[in-house]
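**Student:** Now for the letters of each chain:
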Amino acid sequence: MTNKMVGVASLMGMVTALWAVFVYAPNEATMGVVQRIFYFHVSAGMMGYFAFFVVFVSGIAFLVNRDLKWDRVARCSAEIGVLFVTVNIAMGILWAKPIWGIWWTWDARLTLQLLLWILFISYLMLGAYIADPLKRASLQAVFGILAFIDVPINYMAIRWWRTQHPSPVIAGGTDSGLDPDMYIAFMITLAAFMLLYAYLLGHRLAVERTREDVEYFEQLVHSQ
Amino acid sequence: MNWLVVAYSVFFIAIFGYTLMMSRKQKDLDRRIEELRSLIKDSNIHE
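Note that the protein sequences, when read in sequence, are chains A and Y. Quick note on numbering: the first sequence equals residues 5 to 228 in my numbering. Quick note on numbering: the second sequence equals residues 1467 to 1513 in my numbering.
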């Protein structure tokens, strides 16, 4: 399946997700219509975590095999992860203001999410400052693996500590849960986000491969 | 309702902006590769 087909599938997934969020899902009783931010806010956060998990796994694969293709996957996935976490934080802020009355609070979940965002921005910046590909890939692999530690802590933060951020409604234990129709809408949205991640990663990897080809041809020209 | 519209606008602007940026970058790189290929061809450099 070419990346264009994944792109079309992802576009169709997004249209279906918008239908599920705005037409299929019922209104939440206390928050009203603004609760519909939940579907894209949580899906973006989860795909951000998944993108950083790919960085973690690719980092280990690179350190074991010393194959730069794993480094390429890790860097591209980190960039998309930062994009998803940026959207997650921005949508969270826009949900917090009408519901909590504040834009931001330094509770465990929000602080760890901001830290995660900063860590992976630093990961991308680190790559920009080291010229030697093997040295850069090794350092980024170690940094990516260590930065990923924030993800499980962040996931558990709303389970371990009492936070301003709500307790989990998915996989949160016996007292938690979603209305069945809301759950279906959320699953449709999450599936659309998975397709979107696959498309963006394919697109970003294609750009990266072309950039490497350009570098190769430039070296060839300059060596003459 | 306004918050909802702003939040979803932020999402779509970010995603379409990123995709557009990647497409432009790809086009620039394709153009550069063609320039380099013709330069290599003209100067008889072996790939």
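Treat the hints as calculated values from the structure; they're not laboratory data. Be aware that a few hints might be false.
[Claimed, not checked] BS3-like cross-link-like pairs, simulated, lysine-lysine; straight-line CA separation at most 25 Å:
no., chain 1, residue 1, chain 2, residue 2
1, A, 8, A, 101
2, A, 73, Y, 1507
3, A, 8, Y, 1507
4, A, 101, Y, 1507
5, A, 8, Y, 1491
6, Y, 1507, Y, 1493
7, A, 73, A, 139
[What the hints assert, rightly or not] Here are the in silico distance ranges between beta carbons for each label pair:
no., chain 1, residue 1, chain 2, residue 2, range
8, Y, 1501, A, 110, 26 to 36 Å
9, A, 37, Y, 1505, 54 to 64 Å
10, Y, 1494, A, 37, 49 to 59 Å
11, A, 109, Y, 1467, 42 to 52 Å
What you are looking at is a predicted structure, and each value in this text was computed from that prediction instead of being measured. From the three backbone atoms N, C-alpha and C, an ideal C-beta is built for every residue, glycine too.
**Student:** Enumerate the violated hints, using their earlier numbering and listing them in ascending order.
**Tutor:** 1, 2, 3, 4, 8, 10 and 11
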